[in-house]
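Going by my numbering, the sequence shown opens with residue 832, and the numbers climb by one from there.
To be clear, the hints were calculated from the coordinates, so they are not data collected in a lab.
In this text, a Cβ means the ideal position worked out from N, Cα and C, and glycines have one as well.
Treat each hint with caution, since some may be false.
[Unchecked claim] Beta-carbon label-pair distances, calculated as ranges:
hint	residue 1	residue 2	range
1	Ser1123	Phe876	45 to 55 Å
2	Arg1000	Leu839	43 to 53 Å
3	Lys950	Lys1313	29 to 39 Å
4	Glu1223	Val1025	41 to 51 Å
5	Pro1089	Pro1022	37 to 47 Å
6	Arg1000	Phe1135	32 to 42 Å
7	Arg906	Gly1227	25 to 35 Å
8	Lys1313	Pro935	32 to 42 Å
9	Glu1129	Asp937	18 to 28 Å
10	Arg878	Leu1122	42 to 52 Å
11	Asp937	Thr1317	32 to 42 Å
12	Val1193	Gly1219	17 to 27 Å
13	Lys1111	Tyr1224	47 to 57 Å
14	Arg1311	Arg878	43 to 53 Å
[As the list claims (entries may be wrong)] Here are the simulated BS3-like pairs of lysine-lysine, each with C-alpha atoms no more than 25 Å apart in a straight line:
hint	residue 1	residue 2
15	Lys1061	Lys1111
16	Lys1017	Lys1061
17	Lys1017	Lys970
18	Lys960	Lys911
19	Lys1124	Lys1061
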Amino acid sequence: RAVSRASLGGQWDLIGHSGVSAMHAVMRPFSESILFLERVQASTFARMQGTSENGNKGEHFAWSTEFSANDGQWRALDVKSNMFCSAGGYLPDGTIVSVAGGQPSDEVQQGYDGIRLYKPCNGTRCDWKQDFNVHLQEKRWYPTVESLANGDLFILGGSNHAASINNERVNVPNFETFPPLPGPRKTIDFPFLVETLPHNLYPIVHLLPDKNLFILANTQAVILSTSTWKITKRLPDIPGPPRNYPLTGGSVILPLTPENNFEPEILVCGGATDFSTQAKGVASCGRIAPLSKNPAWEMEDMPFGRMMPDMAHLADGSIVIVNGADTGTAGFDRASDPVLHPVQYLPNERKGRRFRVWNPSVIARMYHSVAFMLPDSSLLVAGSNPNGSPVEYGEGEFPTEFRVERFSPPYLFPHRPSEAAAVDLEGSDEITLEGTWYNHYPETVRVALVQPGFITHSTHMSQRYVGLEGEAHKEAGLVRVKAPATSGLAPPGHYMVVVLLDGVP
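Generate coordinates for the entire structure from the input sequences, incorporating the hints supplied.
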C-alpha cells in the first residue's frame, strides 16, 4: 500500500485570517474558538463600533479577536488597556484572565498592572471586561503566570517598564497571586530574580505534582514551596547559554502518566547563544527530574538550532517543537533564518532516538508567534510580528502575519472516530466514555487530560498533559478511567479529554 507524505511528516493547511497579529493566544473552554491578543498598534484588521477608552465615538481599532478554528472566521473584541507582552491563564470556572501589559496610547490605558477577564458565554456577546479598581500589586512587563493546585494564578517577575533586556532599575523581583494572597502581604520578594539578571524575563514556571513550583531563570533552577513561599531546593544549572528572553528558549513539563508513576520531568530546548543579531540558534535540550533524589540535566541536541521555539503537547504524548529562527535573538528586527520544519520529540524513546523532523510550513513564524493543540488533536499555528512598526506583505522580509495554519500530525491520517461530548468531573472521581471499538485490543486504549494553556513569547503557561489510570471493556463499549488523584497533577479547571486507540486520537 502506498504511504502518503502526510502520513509520514504531517500536513499544513491555511484555515483563516486572525484579524489581529497573534502575539498571545488562549483557547476558549469547550470550543474550537481561540482568543488572539495583540499589542496596541496599527497592525490590525479589527474594528469596533462604540466609544473608545479615550472617549471618541464611532469606529475604533480593536486589538483582540475571537477566532473560530472550525470556519476560519473572527470577530473583534474590545480591550481597555494595552496587552503588549502580557501573560495569562484560567480560573477554575473557565474565566480567562489576561494580566500585565504595556504603555498607554491615545485609545487605551496602560496595561502594566492590568487585569482583564473574559468569561465565556452563549452567543457572540462575550467580551473582555476590566475594572480599573482591580489591578495587580505591581506593574509588570514580560511576567509568567502558572495555575496553582488550589486554582489561583501565580504571577512572577517581569519588569515595570518596557525594556529590551531586564536590569536592576526596572526589575520586579517578586510574585503575587490572583485572587490576591491572603493577609497583609500582597507581594512576596523573590531574590532569585535579582540573582538571575539580566536574562530572566518570562521566567520558566511549571507546577509539580507535589503542588510546588519548578522555576528556571537564566541558567539557574529552583523549587519554590507554595505553602511557605520559600525555595526548598536548588537544582543544577542547565548547561549552555541562558534560556529566557531575549535569548528565548522553550520549555514543557513532560506528560505525567501512570506509566512513569506521574514523576515530573522538565524539558527545556533551544534559545540563542548571545544577545546579537548574528547569534546562532541553540540545538541543545536539557531534561531534568526535579523531584528525584539526585536531579541532573540530561543533554541532547535537536536536529538543528532554534530560538523562540513553541513546544506544545500533542495527543499521543509526544511534544512538537515548531516556529522560531536559527540566527539572531528575540525582539524587534533581531532574527533571521526562519526554522520552517516542526520537530517531534518522543519522551519515551531512548536518548538518540527521540527526534523526528516533519514536513515544513512555507510561512516564517518569528518573534510573536504561537502554536498549541486543538480539540481535534491538530496543531494551530499563528502570529509572527518581529517588526517595531507593522510591515505589510511585500514590504519586508518578515511581514506582520495574519494567516492561521493548521498542522495535522501523522497520527491524524489513519481512520479515526468522532469527538466525544464534554464531561463534568465535579463530585466524581471516575470518567466513563462510551463508543464503538475500532480495534480488538482494549489494553491499547489510553486516555489523557490536556490543557494547552496561555501562549506567548514561546512561554506556554499552565500547559499540561496528564494520563489517566483505568480499564477498557470492549464488550460493553466502555472505557472507565480515574480522575487525577490530586490537584497537583491537574489543577481545577477545564481540560480536553483525549482518547487514543493504538496511538491514534
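- request: Starting from Lys1017, check that the Cα of Lys970 is at most 25 Å away, please.
  value: Given pair Lys1017, Lys970 holds - Cα atoms ~13 Å apart, limit 25 Å.
message: Range first: 32 to 42 Å. Now tell me if the beta carbons of Asp937 and Thr1317 are that far apart.
response: Violated, since Asp937 and Thr1317 (Cβ atoms, about 49 Å apart) do not stay within the stated range.
Lys1111 versus Tyr1224 beta-carbon gap, inside 47 to 57 Å or not: violated, 28 Å
task: Confirm or reject the claim that Ser1123 and Phe876 have a C-beta distance inside 45 to 55 Å.
output: For Ser1123 and Phe876 the Cβ distance comes to about 49 Å; the hint holds.
- prompt: Measuring from beta carbon to beta carbon, are Glu1223 and Val1025 in 41 to 51 Å?
  reply: holds, 42 Å
- prompt: Holds or violated: 32 to 42 Å for the Cβ distance of Arg1000 and Phe1135?
  reply: Roughly 37 Å apart at Cβ, these two residues keep to the hinted range, so it holds.
- prompt: Does the Cβ distance between Lys950 and Lys1313 fall inside 29 to 39 Å?
  reply: holds, 30 Å
Agreement of Lys1124 and Lys1061 with the hint, judged by alpha carbon distance not exceeding 25 Å: holds, 19 Å
- prompt: How does the Cβ-Cβ distance of Arg1000 and Leu839 compare with 43 to 53 Å: does it lie in that range?
  reply: Holds, at about 52 Å.
- request: Decide if the proposed pair is consistent with the structure: Lys1017 and Lys1061, CA atoms, cutoff 25 Å inclusive.
  value: Answer holds: Lys1017 to Lys1061 is near 15 Å, not above 25 Å.
message: Within 42 to 52 Å: is that where the Cβ-Cβ distance between Arg878 and Leu1122 falls?
response: Given range 42 to 52 Å: holds, Cβ gap about 50 Å.
- prompt: Holds or violated: 18 to 28 Å for the Cβ distance of Glu1129 and Asp937?
  reply: With a Cβ separation near 51 Å, Glu1129 and Asp937 fall outside 18 to 28 Å, so the hint is violated.
Checked against the numbered hints given earlier, this structure breaks hints 8, 9, 11, 13, 15; the rest are met.
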